[in-house]
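Under my numbering, the first sequence has 487 at position 487, and the numbering climbs by one with no breaks.
Simulated from the structure, these hints should not be mistaken for laboratory data.
Every residue gets a Cβ at the ideal spot worked out from N, C-alpha and C, and that includes glycine.
Keep in mind that the hints are not guaranteed to be accurate.
Distance condition first, Cα-Cα at most 30 angstroms in a straight line; then the derived DSSO-like pairs of lysine-lysine [to be verified]:
#1 LYS235 <-> LYS502
#2 LYS502 <-> LYS114
#3 LYS470 <-> LYS456
#4 LYS115 <-> LYS88
#5 LYS482 <-> LYS550
Between beta-carbon pairs, the in silico distance windows are [as the list claims (entries may be wrong)]:
#6 GLU455 <-> THR418: 37 to 47 angstroms
#7 HIS345 <-> ASP246: 44 to 54 angstroms
#8 GLN101 <-> SER62: 32 to 42 angstroms
#9 GLU348 <-> ASN211: 41 to 51 angstroms
#10 THR375 <-> LYS252: 29 to 39 angstroms
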Amino acid sequence: MKEILIEEIKKALAEVGAEPTREILIEKPNDEKFGDASSNVAMTLAKELKKNPRQIAQELVSKFKFNPEQIERVDVAGAGFINFYFSKSLLQQSVAQILAQGEQFGKSNVGVGKKAIVEYVSANPTGPLTVGRGRGAVLGDCIANLLEAQGYSVTREYYFNNAGRQMRLLADSVRLRYLERCGKSISFPDDYYQGDYIKDIAEKIFAQKGNTLEGETDLSFFKEFAEAEIFASIKRTLLRLGIQHDSFFNEKSLYEKVQGGKSRNEQVIDMLEQKGFIERKDGAVWFKTSLLGKKKVEDGKEIPVDTVLVKSNGEPSYRLPDIAYHITKYTRGFDLIVNVFGADHIDEYPDVMRALDVLGYDTSRIKVAINQFVTTTINGEQVKMSTRKGNADTLDALIDEVGADATRFFFVMRAKETHLNFDLELAKKQSSDNPVFYLQYAHARICGIIRVAEEKATLNAEAISPDFVKVLNAKEELDLAKELMRFPDAVSYAANSLEPQKMIMYLNGVAERFHKFYQECRIVGEEEPVMKSRLLLALATRQVLRNGFKMLGICAPERM
RNA sequence: GUGCCUGUAGCUCAGUUGGAUAGAGCAACAGCCUUCUAAGCUGUGGGUCACUGGUUCGACUCCAGUCAGGCACGCCA
């Protein structure tokens with residue numbers, strides 16, 4: 001529908017002899033008396049054409065040739081808004097169209113033939129997922145769903161590192177707990193992993209091996225055992241939320257030699273060196289980010305800053321594999337690269353972008369979704385989340401308390417850049433305060449109506465002729481149809497901005513319109529044509545809710 | 001100290017390249033169930049859009065500064 005309006009505006013502009021300098025925007029006015037769709041195109045052109053915006057709008061409107069079956073009338077209002085009013089038959093037909101398209105309704109083909117990669121979670125296997133991680137996990141998953149709905153072929157990737165200092169620390173933490181379990185007295189350092197899960201892993205080792213590993217000083221067994229346990233637990237937690245990755249990318253592979261005898265890490269250094277961005281000093285290899293404008297300010301003076309890629313002990317810093325990893329996203333042929341990560345990783349990303357940029361990669365393909373932290377409060381008191389300290393609020397515990405649907409919903413119902421305050425006490429309450437119930441209730445209600453209607457009127461709702469949509473007439477019916485019609489726009493809007501919460505906002509509107517319709521319009525017991533037309537509308541509403549729920553990854557319950 | 005994010009109703013938050021009378025849920029108050037699920041619907045009250053200045057026909061939106069909170073600032077990952 002939007003396309004039709006934009007097309008017609010473009011045609012009219014051409015006739016008037018004006019060029020649309022900016023994208024033509026169609027909005028839904030916030031007051032229904034201003035029509036069903038609105039454009040401010042006349043006002044944006046006022047300055048260039050040196051004309052009164054109202055006059056421009058009038059001229060455009062006089063050129064419009066709309067099908068009266070679709071657009072009833074067009075007005076000019078306010079400072080120069082062009083307001084469109086949809087005709088009844090358009091709304092009626094849209095209901096039939098939704099039912100015909102079924103699960104496909106809301107999908108778009110803008111991404112067909114394009115490959116997208118969404119990297120999310122990417123937590124190293126050092127402990128259970130925290131509540132804070134859950135936000136990025138759900139956000140990333142919803143973004144992947146939305147992109148799929150846009151037609152992209154989407155790869156969901158988890159990038160992880162099972163080497164390095166943190167893993168050694170983890171392994172030794174497990175070893176010490178194991179010795180403790182064997183009855184040895186140990187001293188457990190403060191900077192080791194404190195969580196109870198370490199003891200659980202040690203317990204498992206003890207159950208399998210008894211005290212045969214007491215004298216073991218090599219950490220590799222402990223490391224591998226702990227890693228396998230923790231990874232399994234992470235995957236289990238994610239699965240509870242319906243999250244499954246297609247690909248697990250091990251950072252270690254970037255250290256391994258590929259054809260030509262060099263690792264991908266080394267290749268990055270070679271390429272940067274060719275471009276003149278490498279400097280070797282103090283025994284380390286530096287990326288000359290200072291040449292690219294990186295600086296810090298100290299005592300009012302600006303100091304250019306370079307970045308270490310290989311430490312003086314010969315080990316790469318994490319930035320080097322990060323760059324190499326991103327290059328693989330290009331070489332693997334992804335057209336759209338989405339990275340989802342928490343605010344704590346905000347500093348590494350400009351370095352990666354700088355490197356990709358100087359190496360000639362098109363960084364406009366990369367979209368970054370940075371989610372702010374989740375602060376959890378218990379009894380009004382803030383709890384800091386840290387895996388190492390062991391007082392972490394685990395994502396698993398949260399799912400136990402509030403269920404998978406509410407967990408997913410809570411994490412994406414707010415804009416990602418807000419600091420989400422997750423009140424555990426409130427979330428535990430399984431009451432009607434819970435906003436996810438409002439949506440799901442609408443779905444359950446529809447299912448209930450259809451059940452009763454099929455029983456009492458002995459009919460098959462799915463088999464009702466779509467011709468009955470022509471009976472739809474009441475304001476509440478047409479308002480609901482109008483809202484349903486907007487679904488495809490809502491999906492692409494949410495997908496383009498990587499903001500699943502816009503989907504929730506939209507679905508809330510649908511539920512609201514449905515509840516109003518329900519209040520005013522009875523279905524069962526009405527005359528047959530009216531009943532059938534309303535059943536069609538209810539079915540279309542159910543379809544939109546289902547399609548939307550699927551993108552959010554929440555259930556569509558038949559009863560509540 | 002520097003960078004990024006945030007500040008909108010009592011609370012949690014929406015607010016579409018700057019546009020029409022700043023919205024929703026919860027909480028409060030008042031109504032609506034002999035009829036398809038009242039986890040719903042209707043209505044009322046509630047605002048210095050953190051503060052100050054600037055840009056312009058027009059600013060919650062853009063710019064500058066101030067205040068408050070979060071995060072990050074390592075040859076840790």
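Verification of the supplied hints:
For the hint linking LYS235 to LYS502, the alpha-carbon distance of about 28 angstroms falls within 30 angstroms, and the restraint holds. Taken as a hint, the LYS502 and LYS114 pair is honoured in the structure, with Cα atoms around 24 angstroms apart against an allowance of 30 angstroms. Under the criterion of a C-alpha separation no larger than 30 angstroms, the hint pairing LYS470 with LYS456 is consistent with the structure, at around 23 angstroms. Restraint check: the Cα-Cα separation between LYS115 and LYS88 comes to about 40 angstroms, which exceeds 30 angstroms; the hinted pair is violated.
Between LYS482 and LYS550 the CA atoms are separated by roughly 21 angstroms; this keeps the pair inside 30 angstroms, and the hint holds. In this structure the supplied range 37 to 47 angstroms holds for GLU455 paired with THR418, their Cβ-Cβ distance being about 46 angstroms. Evaluation of the 44 to 54 angstroms hint for HIS345 and ASP246 yields a failure: the beta carbon distance comes to about 22 angstroms. A hinted range of 32 to 42 angstroms for the beta carbons of GLN101 and SER62 is consistent with their spacing of about 35 angstroms.
The supplied range of 41 to 51 angstroms is met by GLU348 and ASN211, whose beta-carbon atoms lie about 43 angstroms from each other. Between THR375 and LYS252 the CB atoms are about 34 angstroms apart, so this pair conforms to the stated range of 29 to 39 angstroms.
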